[in-house]
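With the sequences and hints as input, model every part of the structure.
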Amino acid sequence: MEIGTISRLYKAAASALQIAPDQHSEQVIEQILSGVGTVVSGLAALRNSLSDAHGRGKRDVRPAPAMPSSP
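Position 46 of the sequence shown, counted from 1, bears residue number 46 in our numbering, the numbering being contiguous throughout.
Worth flagging that the hints you see were computed from the coordinates, not collected in a lab. Don't take every hint at face value.
[Stated by the list, open to error] Computed spacing ranges between beta-carbons, pair by pair:
| hint | residue 1 | residue 2 | range |
| --- | --- | --- | --- |
| 1 | G35 | T5 | 16 to 24 angstroms |
| 2 | G37 | A66 | 31 to 39 angstroms |
| 3 | S49 | P21 | 21 to 29 angstroms |
| 4 | P68 | I29 | 46 to 54 angstroms |
| 5 | P65 | Q31 | 38 to 46 angstroms |
| 6 | T5 | A64 | 43 to 51 angstroms |
| 7 | P21 | P63 | 17 to 25 angstroms |
| 8 | L17 | P63 | 26 to 34 angstroms |
| 9 | T38 | P65 | 30 to 38 angstroms |
| 10 | L17 | A45 | 47 to 55 angstroms |
| 11 | S25 | P63 | 43 to 51 angstroms |
| 12 | P68 | V28 | 25 to 33 angstroms |
| 13 | M67 | E30 | 38 to 46 angstroms |
Even for Gly, the Cβ is constructed at its ideal location relative to N, Cα and C.
Printed below as a string of structure tokens:
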């Protein structure tokens, strides 16, 4: 997946679902929807930074071991 693809997919989906910021005239709604787009971009950057999409990245991030179940 190329860099920025997740953001482009989000923008296309938001437009199709009519939740793109530029599709709303009320400022508070536009501001909230712009914030959602910023969160999506941030998550995409984090995903790329950790490189967890295609195997091990710079930091080998793994989940903590499962707690043993109590009898």
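We went through each hint and held it up to the structure:
Between G35 and T5 the beta carbon distance is about 21 angstroms. The supplied range of 16 to 24 angstroms therefore holds. Under the hint 31 to 39 angstroms, the C-beta atoms of G37 and A66, about 35 angstroms apart, fit the expected range. Range check, S49 to P21: about 25 angstroms between beta-carbon atoms, so the 21 to 29 angstroms window is met. For P68 and I29, the hinted distance range of 46 to 54 angstroms is satisfied, since their beta carbons lie about 48 angstroms from each other.
For the pair P65 and Q31, the supplied restraint of 38 to 46 angstroms holds, since their beta-carbon distance comes to about 42 angstroms. Between T5 and A64 the beta carbons are some 30 angstroms apart, a value that contradicts the proposed interval 43 to 51 angstroms. The hint said 17 to 25 angstroms for the Cβ distance between P21 and P63, and at roughly 35 angstroms that hint is violated. The hinted range of 26 to 34 angstroms is satisfied by L17 and P63, whose Cβ atoms lie roughly 32 angstroms apart.
The hinted window of 30 to 38 angstroms between T38 and P65 holds, with their beta carbons roughly 34 angstroms apart. Under the hint 47 to 55 angstroms, the C-beta atoms of L17 and A45, about 23 angstroms apart, miss the expected range. At roughly 44 angstroms, the beta-carbon separation of S25 and P63 lies within the given 43 to 51 angstroms, and the hint holds. The hint said 25 to 33 angstroms for the Cβ distance between P68 and V28, and at roughly 49 angstroms that hint is violated.
Checked against the given bound of 38 to 46 angstroms, the beta carbons of M67 and E30, roughly 45 angstroms apart, stay inside it.
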